[in-house]
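Residue numbers (the working numbering), protein chains in the order written: chain A, 103 to 448; chain B, 62 to 283.
There's no promise every hint is true.
Stated by the list, open to error - Simulated pairs of lysine to aspartate or glutamate, EDC-like, Cα-Cα distance not exceeding 16 angstroms:
| no. | chain 1 | residue 1 | chain 2 | residue 2 |
| --- | --- | --- | --- | --- |
| 1 | A | Lys250 | B | Asp122 |
| 2 | B | Lys263 | B | Glu217 |
| 3 | A | Lys336 | B | Glu130 |
| 4 | A | Lys250 | B | Glu82 |
| 5 | B | Lys153 | B | Glu132 |
| 6 | A | Lys250 | A | Glu289 |
| 7 | A | Lys300 | A | Glu184 |
| 8 | B | Lys100 | B | Asp122 |
| 9 | A | Lys223 | B | Asp271 |
| 10 | A | Lys336 | A | Glu375 |
| 11 | A | Lys336 | B | Asp157 |
| 12 | A | Lys336 | B | Asp146 |
| 13 | A | Lys223 | A | Asp293 |
| 14 | B | Lys215 | B | Asp198 |
| 15 | B | Lys193 | B | Asp122 |
| 16 | A | Lys336 | A | Glu289 |
| 17 | B | Lys215 | A | Glu289 |
| 18 | A | Lys435 | A | Glu375 |
| 19 | B | Lys276 | B | Asp236 |
| 20 | A | Lys336 | A | Glu307 |
| 21 | A | Lys220 | A | Glu288 |
| 22 | B | Lys177 | B | Asp157 |
| 23 | A | Lys336 | B | Asp143 |
| 24 | A | Lys206 | A | Glu184 |
What the hints assert, rightly or not - Sample of chain A residues facing chain B (criterion: CB under 8 angstroms; computed from the structure):
| no. | residue |
| --- | --- |
| 25 | Trp229 |
| 26 | His231 |
| 27 | Ala235 |
| 28 | Ile237 |
| 29 | Gly239 |
| 30 | Ala241 |
| 31 | Leu242 |
| 32 | Arg249 |
| 33 | Leu295 |
| 34 | Glu303 |
| 35 | Glu310 |
| 36 | Arg313 |
| 37 | Gln320 |
| 38 | Arg322 |
| 39 | Val323 |
| 40 | Lys336 |
Hints were generated in silico from the structure; no laboratory data involved.
Please read these numbers as outputs of a predicted model, since none were measured by experiment.
Where a beta carbon is used, it is the ideal one built from N, C-alpha and C, also for glycine.
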Amino acid sequence: MTVRSFLKDRCLLLILHGVCMCLLAVFLRLTGYGTANIGLVLIFWALILAAWMGTAYIQRRSYFREAEQILERIDKRYLLGELLPDSFRLEDKLYREMICRSNKSVIERIRRVEEEQKEYKEYIESWVHEVKAPITGIALVCENGRRKADTERTAVDVREAFGTVSLENQRLENYVDMVLYYARSEEVYKDYLIQETKLWEVVYEVLEKNRLLMIQNQVRVEAAAEELVYTDRKWIAFILNQMLLNSVKYRSEQPVFYIYTERGKNGVVLVLEDNGAGIRQEEIPRIFEKGFTGSNGRSHERSTGMGLYLCRKLCGRLGIGIRAESEYGKGTKMFLEFPISNYISR
Amino acid sequence: MHIFVVEDEPVIRRELKILLENAMYQVTAPETFDAVSRKIQEARPDLVLLDVNLPEVSGFDVCTQLRMEMEVPVIFLTSRTDAMDELTGILKGGDDYITKPYQAPLLLARIGAVLKRTAGAKDKEAVRLLHKGAVLDISSCSLSFQGQNIELTKNEMKLLHLLFLRAGEFVARMDLIEYLWENQIFIDDNTLSVHVARIREKMKDIGIQDFIETKRGMGYRV
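Could you put together the complete structure from these sequences and hints?
Printed below as a string of structure tokens:
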């Protein structure tokens, strides 16, 4: 609030005073007062007016400054109405009440949206758990079917059909998992079980899980992850799974993956190296963005652009670094950096 | 070995039963779950597979009741994946906790591990396999023939292991690869051929000829 804007705001009042002063001067002149007397009266009037305006200005300014500071300090700014400084002025009071009422409706709306979101999230989670039962059922039927086809020497295509269903089922499972982890990614802290994790066990688990897919695609893997880290095993398995599926998706003619650990300055790094399609240099910074599919994503199987986005998000919550290096047409290296694990472990 | 399966989804129950029976376990899988902990006590199984979400009762409670009476090993099966549940499962006295959808080999491996841990040494797998005069020694990772001995790598060892176990029949390449993957050897089709060629070379050194037969498009046989 500047003096100028304050005066501009009060200009009607000032004009009124000006006009009144003129009229008084004319009246006094007609009733026969001398110029000196009239001048004195007018000067006093002007002084009193100036003093009045001055205090009003200072008062208003400090009031709004205070309000401004409160607004700066609070993190939920829509609560301003409750915190505005008291003022004897009627207008301030009315505005304050109105702000309060408006805020209340905003708060109610936010509450409602939050509630809806929470319900939706809970529904998604319970749905995921429910849908896992039939997925398990299908997986078991396929496994038994494949074994039966083996022992009873049934036609090869029966076995293959079970294999295909099983693969599709696994894809389904992965998509379902992505939904679950997406729903949970906001609240990782609720679902943490930090424990000593043998990286090779996680690597083997993920490879084992995808063995059908990888054997079918003629992938050879050399895995040697010999480090211990302290982290949540389940989340790491999910992240690694996404990375591995990407490597399979963008594989070369003769796919070979290397999975190994390195001891970096700040902890343990798990590396997944493939000899696949690679990523264009200019696209590397964007691969972790939501919905980014890139030229690979468009030319290969359809890609959702969610996998790596989720990975980065989860890594962020777990305090793990994730990055990629790639040479286009030659292959990609994905790095998971577990911080200071040797500091805790030994 | 007797396994008691508590699972309310009919399909999963049926398929689990088939899977476990194929793996040479004796299986009991009731279809109703009233007084299930009493049923388990009466059946005296060696292991219980317990679903957490049962109609009316919770698997955790069943486990608690069970624990008051007997020390049978319990593996929880569940579709819930929160850390809290896993913790509860372990605190309630479960020996392992497997989330759906589980991989059959993984499930069997975990069952095997728990049984081994709790029942002490179950019958050990044979450490020496004999076929056509050749002896595969699993503990020392070697193959001997007429007094001569060669060392094998882990990969060659596992490969021969399956062939010896199914001696006399053709083992499909796919089966071999899958078996190797289940044993943490992640190879592809070409590498398999390379390994077989290497084994043949080694065998030649100690005088075993034409031991491994190849059938195009089918697989290998010893």
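* Regarding the pair A/Lys250 and B/Glu82, is the alpha-carbon distance no greater than 16 angstroms? -> 12 angstroms, holds
* **16 angstroms limit on alpha-carbon distance, applied to hinted pair A/Lys336 and B/Glu130** => The hint is violated at about 33 angstroms.
* Does A/Leu295 pass the interface check with chain B, least Cβ-Cβ distance below 8 angstroms? -> 4 angstroms, holds
* To do: Verify the proposed pairing of A/Lys336 with B/Asp143, using a straight-line Cα cut of 16 angstroms.
  => This hinted pair holds, its Cα atoms lying about 9 angstroms apart.
* Restraint check, 8 angstroms cut-off on beta carbons, for A/Gly239 near chain B -> 4 angstroms, holds
* Under the criterion that the straight-line Cα-Cα distance not exceed 16 angstroms, is the pair A/Lys336, B/Asp146 satisfied? -> 13 angstroms, holds
* Status of the A/Glu310 interface restraint (C-beta, 8 angstroms, chain B) -> Holds, about 6 angstroms.
* To do: For the pair we were handed, B/Lys153 and B/Glu132, check the Cα-Cα distance against 16 angstroms.
  => Given that 16 angstroms is the threshold and the Cα spacing comes to 12 angstroms, the pair holds.
* Are the Cα positions of A/Lys336 and A/Glu289 separated by 16 angstroms at most? -> 15 angstroms, holds
* When the least beta-carbon distance from A/Arg313 to chain B is tested against 8 angstroms, hint result -> 4 angstroms, holds
* To do: Using Cβ atoms only, decide whether A/Val323 comes closer than 8 angstroms to chain B, and label the hint accordingly.
  => 3 angstroms, holds
* **Supplied contact hint for A/Ala241, tested at 8 angstroms Cβ to chain B** => 5 angstroms, holds
Of the hints listed earlier, those the structure fails to meet are numbers 1, 3, 6, 7, 9, 10, 15, 17, 25, 34, in rising order.
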